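**Student:** Sequences and hints are given; from them, build the entire structure.
Following this note's numbering, the numbering of the sequence shown begins with 1 at its first residue and continues without gaps.
Bear in mind the hints are in silico, worked out from the structure with no lab data behind them. For clarity, every value in this text was computed on a predicted model and none was experimentally measured. Any given hint could turn out to be false.
What the hints assert, rightly or not - Distance condition first, Cα-Cα at most 20 Å in a straight line; then the derived SDA-like pairs of lysine to any residue:
hint : residue 1 : residue 2
1    : Lys63     : Asp113
2    : Lys63     : Arg22
3    : Lys63     : Gly142
4    : Lys63     : Tyr167
5    : Lys63     : Leu27
6    : Lys63     : Cys99
7    : Lys63     : Phe95
8    : Lys63     : Pro130
9    : Lys63     : Gly162
10   : Lys63     : Gly26
11   : Lys63     : Gly154
12   : Lys63     : Ser93
13   : Lys63     : Tyr129
14   : Lys63     : Asp7
15   : Lys63     : Leu16
16   : Lys63     : Asp101
17   : Lys63     : His138
18   : Lys63     : Arg166
19   : Lys63     : Phe127
20   : Lys63     : Glu9
21   : Lys63     : Gly161
22   : Lys63     : Leu36
23   : Lys63     : Ala11
24   : Lys63     : Pro159
25   : Lys63     : Gln144
26   : Lys63     : Met114
27   : Lys63     : His38
28   : Lys63     : Val152
29   : Lys63     : Ala19
Said to hold, decoys possible - Computed spacing ranges between beta-carbons, pair by pair:
hint : residue 1 : residue 2 : range
30   : Arg132    : Ala90     : 27 to 35 Å
31   : Thr82     : Glu137    : 34 to 42 Å
32   : Ala48     : Arg169    : 15 to 23 Å
33   : Asp7      : His38     : 23 to 31 Å
34   : Arg18     : Ser93     : 26 to 34 Å
35   : Thr79     : Arg132    : 16 to 24 Å
36   : Val171    : Pro32     : 36 to 44 Å
37   : Glu56     : Val171    : 23 to 31 Å
Built from N, CA and C at the ideal position, the CB exists for glycine as well.
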Amino acid sequence: MSPRTLDLEQADERDLLRAHWRYADGLVPGEPNGGLVHEMAETPVRLADYDDSGWEVIDDIQKGRSTGLCFGWYRITITLPTAIEGQDLAGRSIFFETCVDDYGELWIDGECDMAFGETGHGCVSGFNYPQRVCVSEHAEPGRQHVIAVLAVNGPFGRPGGGIFLRYARLVLE
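**Tutor:** This is how it looks when you write it as structure tokens:
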């Protein structure tokens, strides 16, 4: 089977996955100070069952959001179809690729690929660094996956602009 890339910026490609993007400001949206507190141990937003139903539905992931030192979450729930353009998805490997402006964490179904000493996985890898994580090693049609992207503006000492996703793709291999 030949690899297929779905552009998650395109509505028709998201429709194949019954998916739409949601966005909210903050490390913990809705909390005072964006949920940013000293020595916070974790944020529930990374979890697959986190309720993002009240968040803004967005089409443009490249639109700059917030300014200065800021955090924001982009979330998308995808449902794997049986086939795309006649190509069966069962058993295929599925990857999510993006580049967060400026720093990003990628959480798939509540888990982050923390490949120690490596860049380009789920944890912050560098300033505007491309990231790629496995969504599923063996795709199961009908299965839902939640992709949560934490975006942070930087550099922390003098952050410029805002946050956005440069691109977002699902790669079927």
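**Student:** Indicate, hint by hint, whether the structure satisfies it.
**Tutor:** Going down the list of hints, with the structure as the test:
1. A hinted pair counts as satisfied when its Cα atoms are at most 20 Å apart, and lysine 63 with aspartate 113 does not qualify at roughly 26 Å.
2. A C-alpha spacing of about 13 Å is found between lysine 63 and arginine 22, which places the hinted pair at or below 20 Å, so the restraint holds.
3. At roughly 31 Å between alpha-carbon atoms, lysine 63 and glycine 142 are farther apart than 20 Å, so this suggested pair is violated.
4. Restraint check for lysine 63 and tyrosine 167: the C-alpha separation of about 11 Å stays at or below 20 Å, so the hint holds.
5. Under the criterion of a C-alpha separation no larger than 20 Å, the hint pairing lysine 63 with leucine 27 is consistent with the structure, at around 19 Å.
6. Pair hint lysine 63 plus cysteine 99 holds up; C-alpha atoms about 14 Å apart against a cutoff of 20 Å.
7. Among the hinted pairs, lysine 63 with phenylalanine 95 is inconsistent with the structure: their alpha-carbon atoms are about 23 Å apart, more than 20 Å.
8. At roughly 18 Å between alpha-carbon atoms, lysine 63 and proline 130 fall within 20 Å of each other, so this suggested pair holds.
9. Taken as a hint, the lysine 63 and glycine 162 pair is honoured in the structure, with Cα atoms around 9 Å apart against an allowance of 20 Å.
10. Distance check on the hinted pair: lysine 63 and glycine 26 sit about 16 Å apart at the alpha-carbon level, within 20 Å; holds.
11. At most 20 Å may separate the alpha-carbon atoms for a hinted pair to count; lysine 63 and glycine 154 meet this at roughly 16 Å.
12. A threshold of 20 Å between alpha carbons decides the hint, and for lysine 63 with serine 93 the separation of about 30 Å lies outside it, so the pair is violated.
13. Our distance criterion of 20 Å between C-alpha atoms is met by lysine 63 and tyrosine 129, whose separation comes to about 18 Å.
14. Taking the CA atoms of lysine 63 and aspartate 7, the gap is about 16 Å. The hint holds against a cut of 20 Å.
15. For the given pair, lysine 63 sits about 23 Å from leucine 16 by alpha-carbon distance, which is inconsistent with the 20 Å threshold.
16. Annotation: proposed proximity of lysine 63 to aspartate 101 holds, straight-line Cα distance about 11 Å (limit 20 Å).
17. Only pairs whose Cα atoms come within 20 Å are accepted, and lysine 63 paired with histidine 138 is rejected, the gap being roughly 33 Å.
18. Only pairs whose Cα atoms come within 20 Å are accepted, and lysine 63 paired with arginine 166 is accepted, the gap being roughly 9 Å.
19. The hinted pair formed by lysine 63 and phenylalanine 127 meets the criterion: a straight-line CA distance of about 18 Å does not exceed 20 Å.
20. The suggested pairing of lysine 63 with glutamate 9 holds, with an alpha-carbon distance near 11 Å, which does not exceed 20 Å.
21. A threshold of 20 Å between alpha carbons decides the hint, and for lysine 63 with glycine 161 the separation of about 11 Å falls inside it, so the pair holds.
22. For the hint pairing lysine 63 with leucine 36, the CA-to-CA distance comes to about 23 Å; that exceeds 20 Å, so the pair is violated.
23. For the suggested pair lysine 63 and alanine 11, the alpha carbons sit about 16 Å apart, so the restraint of at most 20 Å is met.
24. Proximity of lysine 63 to proline 159 is assessed by CA-CA distance (about 17 Å); at most 20 Å being required, the pair is judged to hold.
25. A C-alpha spacing of about 26 Å is found between lysine 63 and glutamine 144, which places the hinted pair above 20 Å, so the restraint is violated.
26. Taken as a hint, the lysine 63 and methionine 114 pair is broken in the structure, with Cα atoms around 28 Å apart against an allowance of 20 Å.
27. Straight-line distance between C-alpha atoms of lysine 63 and histidine 38 comes to about 29 Å, which puts the hinted pair past the 20 Å bound.
28. Taking the CA atoms of lysine 63 and valine 152, the gap is near 14 Å; set against the 20 Å cutoff, the hint holds.
29. For the hint linking lysine 63 to alanine 19, the alpha-carbon distance of about 19 Å falls within 20 Å, and the restraint holds.
30. Taken as a hint, the range 27 to 35 Å is violated for the pair arginine 132 and alanine 90, whose Cβ atoms sit roughly 22 Å apart.
31. Between threonine 82 and glutamate 137 the Cβ separation comes to about 18 Å, which falls outside the hinted range of 34 to 42 Å.
32. Range check, alanine 48 to arginine 169: about 20 Å between beta-carbon atoms, so the 15 to 23 Å window is met.
33. For aspartate 7 and histidine 38, the Cβ-Cβ distance of about 40 Å falls outside the hinted range of 23 to 31 Å, so the restraint is violated.
34. For the hinted restraint 26 to 34 Å between arginine 18 and serine 93, the CB-CB distance of approximately 21 Å leaves it violated.
35. Between threonine 79 and arginine 132 the Cβ separation comes to about 21 Å, which falls inside the hinted range of 16 to 24 Å.
36. Checked against the hint of 36 to 44 Å, the pair valine 171 and proline 32 passes, with Cβ atoms roughly 39 Å apart.
37. As the Cβ distance of glutamate 56 to valine 171 is approximately 27 Å, the hint placing it in 23 to 31 Å holds.
Hint violations for this structure: numbers 1, 3, 7, 12, 15, 17, 22, 25, 26, 27, 30, 31, 33 and 34, all remaining hints satisfied.
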